[in-house]
Amino acid sequence: MASTPDLHPRTLPPSWTSPDAGGVMQEAHDALESYKKKDSLKVVVRFKAVGNAPIMRQNFYKITASNRFQAVIQFLRKELGWKAGDPLFTYINLAFSPAPDDTVSNLFKSFATDGHLIVNYSTTAAWG
Numbered sequence: 010m011a012s013t014p015d016l017h018p019r020t021l022p023p024s025w026t027s028p029d030a031g032g033v034m035q036e037a038h039d040a041l042e043s044y045k046k047k048d049s050l051k052v053v054v055r056f057k058a059v060g061n062a063p064i065m066r067q068n069f070y071k072i073t074a075s076n077r078f079q080a081v082i083q084f085l086r087k088e089l090g091w092k093a094g095d096p097l098f099t100y101i102n103l104a105f106s107p108a109p110d111d112t113v114s115n116l117f118k119s120f121a122t123d124g125h126l127i128v129n130y131s132t133t134a135a136w137g
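Take any residue in the sequence shown, note its place counting from 1, add 9, and you have its number in the working numbering.
FYI, nobody ran anything at the bench for these hints, they're computed from the structure.
Remember, predicted model here, so these are calculated numbers, not experimental data.
Errors might be hidden in some of the hints.
What the hints assert, rightly or not - Cβ-Cβ distance ranges computed for the label pairs, FRET-style:
id	residue 1	residue 2	range
1	Gly124	Lys87	38 to 44 Å
2	Ala104	Lys71	20 to 26 Å
3	Lys92	Val59	16 to 22 Å
Ideal Cβ placement from N, Cα and C applies to all residues, glycine included.
Can you build the whole structure from these sequences, using the hints too?
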C-alpha cells in the first residue's frame with residue numbers, strides 16, 4: 010500500500026516556538042514538579058465502628074493528606090489486627106464508600122466534619 014503525502018502538515022503551537030517558549034516550558038515544568046512533591050500536611054481521621062465491628066481504643070489519628078484512601082484501609086486493618094481476606098467495609102460520614110484511589114486530602118476538603126474526616130467501618134455491608 011502506497012503512502013499518501015500529508016496534505017495538512019502539523020505545526021507546533023506558536024507558544025512553543027516563540028522566543029518566550031522557554032518561560033512557558035519552565036512554568037509547566039515547575040508546576041509538574043510541585044505536583045509530584047509529597048504533601049506533609051496531616052489531617053485528623055476519626056474511625057467509628059458500625060454494627061458488630063470492634064471498637065478501637067483510640068479512634069483519632071493524624072494521617073498524611075497526600076495518601077490514597079487505600080493507605081487508610083491498610084492502616085485500619087493493621088490497627089484492628091485483620092488479615093487482607095477479612096471483610097472490611099469503609100464509609101465516609103455514614104453515606105458512601107470512597108474509591109481506594111481517592112486522596113485523603115480531597116475527601117477531607119469535601120467531607121470533613123468539625124475538622125475531622127469521619128471514617129465508619131464495618132464487617133458487613135452496611136449501606137448500598
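Taking 20 to 26 Å as the stated bounds, is the beta-carbon spacing between Ala104 and Lys71 within them? 23 Å, holds
Beta-carbon spacing of Lys92 to Val59 - inside the hinted bounds 16 to 22 Å or not: Taking Cβ atoms as reference, Lys92 and Val59 lie about 20 Å apart, which means the hint holds.
Hint check for Lys87 and Gly124 - Cβ pair distance inside 38 to 44 Å: 24 Å, violated
Of the numbered hints given earlier, the model fails hint 1 alone.
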